[in-house]
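I would like the entire structure built from these sequences, with the hints used as guidance.
Chains as they are written, first to last, in numbering that gives the first Met the number 0: chain A, 0 to 511; chain B, 0 to 294.
No lab work stands behind these hints: they were computed from the structure. Among the clues, some could well be false.
[To be verified] Now the in silico label distances, taken between C-beta atoms and shown as ranges:
#: 1; chain 1: A; residue 1: 491; chain 2: B; residue 2: 31; range: 36 to 46 angstroms
#: 2; chain 1: B; residue 1: 32; chain 2: A; residue 2: 391; range: 15 to 25 angstroms
#: 3; chain 1: A; residue 1: 87; chain 2: B; residue 2: 46; range: 42 to 52 angstroms
#: 4; chain 1: A; residue 1: 510; chain 2: B; residue 2: 286; range: 51 to 61 angstroms
#: 5; chain 1: B; residue 1: 46; chain 2: A; residue 2: 510; range: 49 to 59 angstroms
#: 6; chain 1: B; residue 1: 46; chain 2: A; residue 2: 32; range: 49 to 59 angstroms
#: 7; chain 1: A; residue 1: 177; chain 2: B; residue 2: 32; range: 24 to 34 angstroms
#: 8; chain 1: B; residue 1: 33; chain 2: A; residue 2: 369; range: 33 to 43 angstroms
[Stated by the list, open to error] Stretches of chain B that chain A covers, calculated by requiring three or more beta carbons in the stretch to come under 8 angstroms of a beta carbon on chain A:
#: 9; region: 34-45
#: 10; region: 73-85
#: 11; region: 145-153
#: 12; region: 248-261
Quick caveat: nothing in here was measured; it's all calculated off a predicted structure. Glycine included, every Cβ here is placed at the ideal spot set by N, Cα and C.
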Amino acid sequence: MPDARRSRRRPVLKRMALVLIGLALVAFAGAQRTLTVAQTVDIPGFDPHNHGLTAVEAVITNVFDYLLFRDANGDIQPALATGYEQVDDLTWRFTLRDGVVWHDGEPFTATDVKFSLERVARDSSLFEHDSFQQIAEVEIVNDHEILIHTTGPDPVLLNRVSRKGADIVPKHVIDAVGWEGFSVNPVGTGPFRFVEWVRDDRVVLEAFPGHWRGAPTWDRLVFRAVPEDATRVGELLTGNVDIAVNFPTQDVERTRGAGAADVVSQPTTRIMMLLFNTADGKATSDPRVREAVELAIDKELLVEVVAGGFGVPVAARVSPGVDMAPMKYYDRNDYNPERAQELLAEAGYGPGDLTIALQGPSGRYPGDADTLAVVQVMLKEVGVNSTLESLEWSAYNSRIWGADNVENIALIGLANSLFDGWFALRSLPCDGAYAKRTNWCNPEFDKLLTEAEFNLDLDERARQIEAAFDIVAVERPMIALFQIDALVGVSNQITWQPRPDEMIWAFDIQPK
Amino acid sequence: MVPILLGVVTIIFVLLRLSGDPVRLYLPEDATHQQIAQVRSSLGLDRPIYVQYGIYIARLVKGDLGESIRYRNQDVAAIVMERLPATLELAGASLLVAILISLPLGTLAALNRNRLPDLLSSAVAMLGRAMPNFWVGIMLILFFGIRLEWFPVSGRNGIGSLVLPALTLGASMAALLMRLVRSGMLEVMSQDYVRTAKAKGLPWRTVVVKHGLRNALISYVTVLGLEVAGLMAGAVITEQVFAWPGIGRLAIQAISSLDMSIVQAVVILASVVVMVANLVVDLMYALIDPRVRYA
Numbered sequence: 000m001p002d003a004r005r006s007r008r009r010p011v012l013k014r015m016a017l018v019l020i021g022l023a024l025v026a027f028a029g030a031q032r033t034l035t036v037a038q039t040v041d042i043p044g045f046d047p048h049n050h051g052l053t054a055v056e057a058v059i060t061n062v063f064d065y066l067l068f069r070d071a072n073g074d075i076q077p078a079l080a081t082g083y084e085q086v087d088d089l090t091w092r093f094t095l096r097d098g099v100v101w102h103d104g105e106p107f108t109a110t111d112v113k114f115s116l117e118r119v120a121r122d123s124s125l126f127e128h129d130s131f132q133q134i135a136e137v138e139i140v141n142d143h144e145i146l147i148h149t150t151g152p153d154p155v156l157l158n159r160v161s162r163k164g165a166d167i168v169p170k171h172v173i174d175a176v177g178w179e180g181f182s183v184n185p186v187g188t189g190p191f192r193f194v195e196w197v198r199d200d201r202v203v204l205e206a207f208p209g210h211w212r213g214a215p216t217w218d219r220l221v222f223r224a225v226p227e228d229a230t231r232v233g234e235l236l237t238g239n240v241d242i243a244v245n246f247p248t249q250d251v252e253r254t255r256g257a258g259a260a261d262v263v264s265q266p267t268t269r270i271m272m273l274l275f276n277t278a279d280g281k282a283t284s285d286p287r288v289r290e291a292v293e294l295a296i297d298k299e300l301l302v303e304v305v306a307g308g309f310g311v312p313v314a315a316r317v318s319p320g321v322d323m324a325p326m327k328y329y330d331r332n333d334y335n336p337e338r339a340q341e342l343l344a345e346a347g348y349g350p351g352d353l354t355i356a357l358q359g360p361s362g363r364y365p366g367d368a369d370t371l372a373v374v375q376v377m378l379k380e381v382g383v384n385s386t387l388e389s390l391e392w393s394a395y396n397s398r399i400w401g402a403d404n405v406e407n408i409a410l411i412g413l414a415n416s417l418f419d420g421w422f423a424l425r426s427l428p429c430d431g432a433y434a435k436r437t438n439w440c441n442p443e444f445d446k447l448l449t450e451a452e453f454n455l456d457l458d459e460r461a462r463q464i465e466a467a468f469d470i471v472a473v474e475r476p477m478i479a480l481f482q483i484d485a486l487v488g489v490s491n492q493i494t495w496q497p498r499p500d501e502m503i504w505a506f507d508i509q510p511k
Numbered sequence: 000m001v002p003i004l005l006g007v008v009t010i011i012f013v014l015l016r017l018s019g020d021p022v023r024l025y026l027p028e029d030a031t032h033q034q035i036a037q038v039r040s041s042l043g044l045d046r047p048i049y050v051q052y053g054i055y056i057a058r059l060v061k062g063d064l065g066e067s068i069r070y071r072n073q074d075v076a077a078i079v080m081e082r083l084p085a086t087l088e089l090a091g092a093s094l095l096v097a098i099l100i101s102l103p104l105g106t107l108a109a110l111n112r113n114r115l116p117d118l119l120s121s122a123v124a125m126l127g128r129a130m131p132n133f134w135v136g137i138m139l140i141l142f143f144g145i146r147l148e149w150f151p152v153s154g155r156n157g158i159g160s161l162v163l164p165a166l167t168l169g170a171s172m173a174a175l176l177m178r179l180v181r182s183g184m185l186e187v188m189s190q191d192y193v194r195t196a197k198a199k200g201l202p203w204r205t206v207v208v209k210h211g212l213r214n215a216l217i218s219y220v221t222v223l224g225l226e227v228a229g230l231m232a233g234a235v236i237t238e239q240v241f242a243w244p245g246i247g248r249l250a251i252q253a254i255s256s257l258d259m260s261i262v263q264a265v266v267i268l269a270s271v272v273v274m275v276a277n278l279v280v281d282l283m284y285a286l287i288d289p290r291v292r293y294a
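As structure tokens, then:
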């Protein structure tokens, strides 16, 4: 009897086992590899020519392609264009990749390139227009070849067509649905296609098998908007997200100790700077005072105190990966309080005689308010009194920075989205964007910068840019404090080193 | 209702335009003057304020809420309305939490005046009122989200994700309401008709619920109605902490970036919600207190 029972039970057990194995196989086959990223902000839509934010481009760069793109090392690589050559001072020829299809299956052609680049170059209401107005026309030679005509010689055209705003969009889709439709339901040629966007919650993308680089490792890519630092850290620690950007410095040790994730740092192009108002009558009009301020600041200690050591002291707006930026100013701390005191004495200020105003934003950059507070203490050490005004960004921008209302010294953080040394100085000429803030004007500097803007002789251009940097370093309308590192929380389930351009390019990220 | 709305819209329109230049907030720190002027002109912000106001009101009458600076080429009304369900869901759940905590605890405290349950609930109420929303939210995340992993840390993904934000928002409201129930019950329970009810030999539960609680609820409902307006304000912080995609988060983002048409739309919506809440409170009076119905 027991045998009979066993024999009856066996097929049942066998069947159950088979069903379980079958279910496991189905589950395995259906298991999607999903990469989830927590950012601080959501995208405002999928119009790539009209957002102006690095954090937004970090998402949509996975949906669209540029003609060329920067790899993780910052080197320019072919993308929708397979080759390029300079035809003359004002013309560049690009050969377009064959066999590329849009996510809707339509073929990608030269018409799309002309439509995209001419839109951003001509529509002055677009946030990205300023970086593309140098493009005069895109001429179609044939379906897979174009000529880009520039308004003047443009030594950084390749940088332009490989940065945010240069995304190529499908003309046929926008003709059909308009930008209103396209902004919420985009079609690109990138490795991921659009699935869903719940505003201020999540963007969901899925792998596009027909992508020209081949299918990406991840089946799904989810970008979540989690503005609160503590919440973002919590999501990483519980394994709900794989990557948490803008990681708070104070949570680094705790996160590493928890064992589920690591925090990695990546130098960015953003430099914290102090701008001086050099107008007559201001205390900071005397170059000796400006030099004394720079020498009074121990930039290494500043990085340690306000950025937890995640940054590099610099003596100019330079960082690795920025073309033609003179790197002699990188990783430099000219701290010399004795000399600072001598300079102040030469300028006629004894200890406590000079009071200057420090103004800056609070909450705009990591540790911005703390930076000014530490600078205040360091200035006090050399006998300079200061008043401190840290304002929330919109108030600071409206009342001080944007209103050209800098009393003496204003704090600002500047990134270099063009990855070009000229770009780092372009606001300082006599009629530049900062003219009314610095009230500084040097015709020799202006001449060098204008020549460098249009110089196609790259060696000579590098010398011009360096000479312009040298003038700024001596006359100090602005001084640089330190380069900010981006801190990113990365789950132990993946392998990823963040990029200098802060793009979250899913091809770089691998599951462990 | 229309004059009130027009007044609110006008005040917020003027205040927003006095509070700074939104274009600079959207462009990089080193944007050129030319670029700033171009974008400002494309948004119509270079016109005199009365012209902007005239255009805005003319469009508003036709149901067009203007153009968002952040969400270019997208319908502002749709952007605001699509957030409403998330906020209503959170507000509803928080109200429920507040009522479920405040009614029994408040009654318990009143019936045990100056004894342990009363002292304990008073202490809890004081704590609940004193702790700021964002702190409570983060503590709940740390304990129930990260340590115990009982509930999702953030986001809006199923009923589980509603628990922590609703507790956060409901807790401080519960504290206030509990004190109201307690004082209301204390007052009512010393009235003659309650003594009569007790003397008639009615069951204790009937005396408390029918004669006591029901009469104590009038001030409770008034404050509950006012708190609905407070919920909109509380939601701003709670939604930010829990990455809850509701009206509050939209408002925070729009205010900090001076996205005027979105702020105006949110204010219009919030005004309507408050007005409707007041209307509902008035109707509830009649339901609870028949004297109001006959007056």
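These are the hints, each one checked on the structure:
no.: 1; hint: A/491 with B/31: 36 to 46 angstroms; result: holds, 45 angstroms
no.: 2; hint: B/32 with A/391: 15 to 25 angstroms; result: holds, 24 angstroms
no.: 3; hint: A/87 with B/46: 42 to 52 angstroms; result: holds, 44 angstroms
no.: 4; hint: A/510 with B/286: 51 to 61 angstroms; result: holds, 59 angstroms
no.: 5; hint: B/46 with A/510: 49 to 59 angstroms; result: holds, 54 angstroms
no.: 6; hint: B/46 with A/32: 49 to 59 angstroms; result: holds, 52 angstroms
no.: 7; hint: A/177 with B/32: 24 to 34 angstroms; result: holds, 31 angstroms
no.: 8; hint: B/33 with A/369: 33 to 43 angstroms; result: holds, 35 angstroms
no.: 9; hint: 34-45; result: holds (count 6)
no.: 10; hint: 73-85; result: holds (count 5)
no.: 11; hint: 145-153; result: holds (count 5)
no.: 12; hint: 248-261; result: holds (count 6)
The structure meets every hint from the earlier list without exception.
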